[in-house]
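Colleague: From first to last, the protein sequence lines are chains A and B.
Its first residue numbered 1, the first sequence is counted upward by one per residue in my numbering.
Its first residue numbered 293, the second sequence is counted upward by one per residue in my numbering.
Please keep in mind that the hints were generated in silico from the structure rather than gathered at the bench.
Heads up, some of the hints might be wrong.
Unchecked claim - Partner residues aside, some chain B positions facing chain A, computed with beta carbon under 7 Å: (1) A366; (2) F367; (3) L370; (4) L371; (5) Q374; (6) L382; (7) V385; (8) S502; (9) L584.
To be verified - DSBU-like mimics (lysine-lysine), calculated; alpha carbons at most 30 Å apart, straight line: (10) B/K527 - B/K451; (11) B/K473 - A/K86; (12) B/K416 - B/K339; (13) B/K559 - B/K527; (14) A/K86 - B/K378; (15) B/K527 - A/K181; (16) A/K267 - A/K231; (17) A/K181 - A/K124; (18) A/K130 - A/K47; (19) B/K339 - B/K422; (20) B/K473 - A/K181; (21) A/K181 - A/K159.
Glycine included, each C-beta is placed from N, C-alpha and C at the ideal position.
Protein chains: 2
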Amino acid sequence: MEERPATWDLGQKAATGYRGAIKEGKMSREKNISQLSPSEIRNLIRKGKWDKPTPGLAMGFAQANLVILPQRYAFDFLLFCQRNSKPCPLLEVLEPGQYQTRSLAPDADIRTDVPRYNVYRRGKLEAAEKDIRTLWQDNSVTFLLGCSFSFEEALIRAKVPVRHIEENRNVPMYITNIPCKPAGVFHGPMVVSMRPLPPDRVIRAVQITSRFASVHGAPVHIGDPSAIGIKNLGKPDFGDAVTILKGEVPVFWACGVTPQAVVMEAKPDFCITHAPGHMFISDVLNEELATL
Amino acid sequence: MEERPATWDLGQKAATGYRGAIKEGKMSREKNISQLSPSEIRNLIRKGKWDKPTPGLAMGFAQANLVILPQRYAFDFLLFCQRNSKPCPLLEVLEPGQYQTRSLAPDADIRTDVPRYNVYRRGKLEAAEKDIRTLWQDNSVTFLLGCSFSFEEALIRAKVPVRHIEENRNVPMYITNIPCKPAGVFHGPMVVSMRPLPPDRVIRAVQITSRFASVHGAPVHIGDPSAIGIKNLGKPDFGDAVTILKGEVPVFWACGVTPQAVVMEAKPDFCITHAPGHMFISDVLNEELATL
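Bound-form chain A, shown alone (with noise of 0.2 Å):
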């Protein structure tokens, strides 16, 4: 549990540095790109003009992890998703070969609309694509899963620190010894991510993530790391370490990596997801998936 199995290779290195990037406005080729809406910035990345990491893109929009699966690993894994439904919070779910969706975005191409897709066979990455449709079968199953960048603008709003934001890093991940619950082929630990916080914003935090069951919900634990089995919080498993201030203390929450990571382990002959950070960007307001 101590090193990442090989075969997690998420290529998520990637996505690190690009979050601050954009803020810092390096990209200026693309200036302006965070003022465009869903729809404008997809039909961008459709055309090959956008191919990099989406945070910071249309503020305010649901953007989801995708996982493409053969049909035949479909009920298994909504099933996987069902019983674990903190670290894989189904946004919405396609009928075999379809690539259209109905409520999160309708006049989007799943195969054209992610800016860069990490193509598996066995579990083993084999690509990196920016258009999957020679890649589509009509067997090809669907599903869009939720994305803490929905709560951690949220918690800005609030004024709760996200201290990765704040260091233009990506968020440290851990793989940690919660069981997910298994569902046929797919089993694994959750992963979490980790964000530190002064003592008196905890309670708000939980308050607010408590909200957006659909993007992970509530954290699944404060304090002490090794209590759910993570030895080192300067060593995430993913993403980078962020400075932790004396005094604050460490909340972790469900992870959108776990379902990426448990589908890699039952190597399916093949998958393709989003390359880490390269999201899916929807129509649906982060308000929208608010419970209460």
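Could you slot chain B onto chain A? The hints should help.
Modeller: Just chain B, lined up with the frame of chain A:
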């Protein structure tokens, strides 16, 4: 839409009246059953010693709706529930052939522990059974869905009146003009239950039921029945009419009859459900189902 479709023969008439009978002690031979634990009641049911409706039993514990379908329908139905979580809140779904739950009640047997089952072939009610072991197939997939009994208990504890319980009747249910999101072969209108409330209790009722997303959650409509296609509150499509006092507001919740009605409309070769009112009694407390 005015007439209830003939294929929606859910046999719910049998459920009417029992709720009150238990409270009034008319079932003296089974005296004290309302004091028994979920496990003890399931044991009685398994031995054939209780084949009556379950309202009022194991108060505090969640009861569940049951739908059993052959595996070839399972992905579509799971997808339908995911897309329509208010009428179809999944509590647990079992792998094909599995008849023991993992989380709701690990010692239960889904084939014997429900007091009465309805067996349908091609959407037609064929038989009522007390034990379905001889009907069980290796590819049977079990769906357990949340039930409004859970939130009614929370309403009563907060002094929000629940009229059909006060009047010892079955809750009134109506077919609306609100379409469910279709999934594969499953489609149809949402069925709602109605509880009339004094205006000063409506907001509290919204707050309380919002906490219970896994048992239908917040109302889907407040006020004018015609806005959701209901012509006459005095003539429910299922269940019994209840008294609406002067000034009271009808409040409508998504109803667990929806998935059953949708399954019947799809006319699967084979399907087993609980008989209305004869629910599966779980070991999970209603409070454990609350989001907040």
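Colleague: Against the structure shown, which of the earlier numbered hints fail to hold, in ascending order?
Modeller: 15 and 21
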